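Number of protein chains: 2
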Amino acid sequence: MRPITEEKFESIVEFIKEKKLDVLMITDYEDSRNVNLQYLSGHPTDATILINSSGETILIPWDVPLAEKHSEVDEIINPANFNFNPSLAIKDLFENRWKKSSITIGVHSMTTYGLIVKMKAIMTGIKFFEEPIQITQLFEKLRSTKTELEIKRLLKAGQIGNRIINNIKDFCINNPDGTEKDLSFLVRKKIGDYGGDDVAFEPLVANSSRAHEIHQHPFASDQRFGLPGLALIDFGAKFQGYNSDITIPISFGKLSDEQNKMRELTIKSYETAIEMIDMDVPLWKIHDTAETVLRKGGYLMPYSLGHGLGLTVHDSPFVTRKPTDEYSKKHWKEVTIQDGMVFTIEPGAYKQGLGGQRLENDVLIRNGKVEIITKSEPLNF
Amino acid sequence: MRPITEEKFESIVEFIKEKKLDVLMITDYEDSRNVNLQYLSGHPTDATILINSSGETILIPWDVPLAEKHSEVDEIINPANFNFNPSLAIKDLFENRWKKSSITIGVHSMTTYGLIVKMKAIMTGIKFFEEPIQITQLFEKLRSTKTELEIKRLLKAGQIGNRIINNIKDFCINNPDGTEKDLSFLVRKKIGDYGGDDVAFEPLVANSSRAHEIHQHPFASDQRFGLPGLALIDFGAKFQGYNSDITIPISFGKLSDEQNKMRELTIKSYETAIEMIDMDVPLWKIHDTAETVLRKGGYLMPYSLGHGLGLTVHDSPFVTRKPTDEYSKKHWKEVTIQDGMVFTIEPGAYKQGLGGQRLENDVLIRNGKVEIITKSEPLNF
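Line by line, the protein sequences are chains A and B. Throughout the first sequence, residue numbering follows numbering that gives the first Met the number 0, covering 0 to 380 in sequence. Throughout the second sequence, residue numbering follows numbering that gives the first Met the number 0, covering 0 to 380 in sequence.
Same chains, same label: a pair holds when it works inside one copy or across any pair of copies.
Below 27 angstroms or equal to it, Euclidean Cα-Cα: the simulated DSSO-like pairs (lysine-lysine) are:
hint: 1; residue 1: 329; residue 2: 284
hint: 2; residue 1: 117; residue 2: 18
hint: 3; residue 1: 168; residue 2: 260
hint: 4; residue 1: 19; residue 2: 99
hint: 5; residue 1: 321; residue 2: 332
The set of hints was computed from the structure by calculation and includes no laboratory data. Here the structure is a predicted model, which is why all the values come from computation and not from measurement.
Build the full structure now, drawing on both the sequences and the hints.
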């Protein structure tokens with residue numbers, strides 16, 4: 000079943016007509032993933048989907064039996080008839096079925112430049128819509144509000160995450176010599192035990208010597224997790240394709256004044272953001288206000304305050320600053336809080352030598368009300 | 000430390016000069032990964048690297064401390080000075096440091112179309128090299144032969160995989176009711192125990208009801224693994240960034256004549272391929288010959304016979320058919336077997352209702368000799 004609603008699908012067809020596109024194309028392959036394939040078709044992976052101005056959907060999957068099982072499209076083209084080369088299948092459609100001498104294809108920003116160049120070379124009369132950012136933004140807008148079923152799955156992903164918070168507490172108390180990898184493994188195991196599909200992403204487990212790194216490399220090391228100072232664990236569960244995302248700021252032992260300040264600034268920034276969340280509030284304002292709290296305390300947040308949750312962990316809407324280059328400014332549209340949005344709030348303070356703190360929970364907007372669906376809070380051991 | 004050798008790096012600089020590029024740019028971000036960033040710089044992730052025609056390397060990382068720890072480049076630019084927008088940092092370099100009025104940037108095929116459009120919009124006088132496939136092929140060629148250190152790591156990744164084969168045997172014998180997820184979890188656990196960084200990829204664990212799917216979705220299910228018929232497990236270990244890749248064809252119980260035929264065809268195709276491997280043999284010939292064995296038996300192999308192993312699981316060289324569209328044909332160059340190559344051989348036969356079989360091992364070419372570094376073989380329980 001495709002996650003997109005009929006109404007939203009119709010708005011894509013309207014866009015195709017309005018921009019005078021012959022077809023809109025989304026590609027998802029190993030080196031360039033695009034979850035909009037799944038959103039539009041139900042088919043999970045490794046395919047090209049075309050939508051034409053009549054709203055017809057044509058899927059060119061790598062794996063036909065998989066497509067027959069999962070997809071909801073008007074037609075499935077067998078790639079074996081085209082030497083497993085989707086570009087040749089598209090060429091055949093245009094030349095032999097639709098008999099067009101010139102065509103305009105709309106693509107997502109994430110389409111690879113290599114594919115654009117190749118398709119131009121093998122199909123004469125082909126043009127690509129020159130503002131892929133508009134297509135990307137259209138999908139971001141549609142995916143930023145979730146259906147009832149999507150919300151149900153996101154809530155369950157959040158609940159699995161909440162149960163794991165207790166396992167993490169137990170680990171910190173009962174396994175003081177446990178390593179980051181041990182804790183990462185525990186989280187993965189428990190997600191399976193609690194009925195999740197998988198981790199939403201590789202858990203970031205960082206003791207006080209690594210927690211300043213923000214995106215740890217490696218994700219979890221063989222070092223002991225419970226070193227004195229400021230540590231954190233950032234993890235999430237995937238349930239029926241939908242993701243949760245939680246960060247727990249954890250401290251071990253007595254903290255220095257500066258470490259206490261980092262922890263308090265993080266909490267203050269988080270609480271400031273949560274208090275601002277309300278219908279029709281622009282997301283950039285929440286980002287800027289929360290960032291200012293940290294900045295005034297002497298800490299820089301080099302990332303966005305939050306992001307949507309859905310079929311990807313970094314879904315729309317994005318709780319982030321206004322764009323800074325002319326091109327992005329020209330295309331930017333203010334996004335405000337609406338019913339059906341699910342997103343994270345995750346400010347943090349980081350300093351090499353002192354560690355890092357990040358407090359992250361997942362927020363749902365439903366019937367005009369704000370629900371905090373995950374239960375992370377600062378822990379001390 | 001950067002994995003690329005000085006000699007290979009010089010050949011990139013030669014390419015830049017020959018094609019009259021001002022700069023070659025590789026980008027690696029969440030939605031569009033490109034391991035050539037790591038290959039060129041040592042920096043693992045989330046950055047843009049520029050190489051100019053003098054061979055200077057400039058890194059614009061998202062995380063400066065991470066870059067200071069891992070990268071080997073001439074200069075690191077702090078993205079905080081450009082609102083964390085790498086395009087603005089590049090614009091500044093061209094306009095204020097290099098003072099160029101027109102520039103040509105070479106990019107990899109995997110660069111996103113959105114970035115190309117955006118950079119053209121914000122930088123006047125910018126041009127992109129029109130044959131990104133040549134840059135992709137250059138990197139494929141360089142990465143297809145490994146250094147001593149890379150080979151050492153690949154051998155270790157293979158050895159970890161070999162130890163796990165024994166764990167899989169034990170699982171099949173001692174845990175007949177175990178699920179696919181149980182087995183997937185065991186593999187992950189043992190990779191950690193044996194000193195691996197992580198799984199090379201999410202293990203594909205497929206009982207006889209799922210093994211025809213080739214790329215399983217989900218990767219492992221809650222179903223019992225040891226159902227009668229043709230099953231398989233496809234897994235690999237990552238060691239210090241380098242990957243192994245092994246598939247074991249496993250059968251449970253008495254097989255039908257057709258199932259026996261699938262198993263024997265797979266083995267025959269595998270053995271035919273292995274026997275052909277020798278210095279200077281074209282890889283497409285090995286693919287075609289092995290595929291013909293399967294085809295004559297009535298089975299289609301809808302993928303490539305093998306792929307290189309390295310910093311990615313699907314590295315160069317590719318053991319695959321000749322290209323089928325005019326554009327790819329024009330750019331195609333025959334790749335032959337050379338010292339330092341490490342690649343998989345993995346034919347298989349699949350049929351819904353009967354299951355699937357794939358036999359995959361990793362092959363190293365060293366001092367003109369062929370070494371099979373992993374030890375997969377068909378198992379029966």
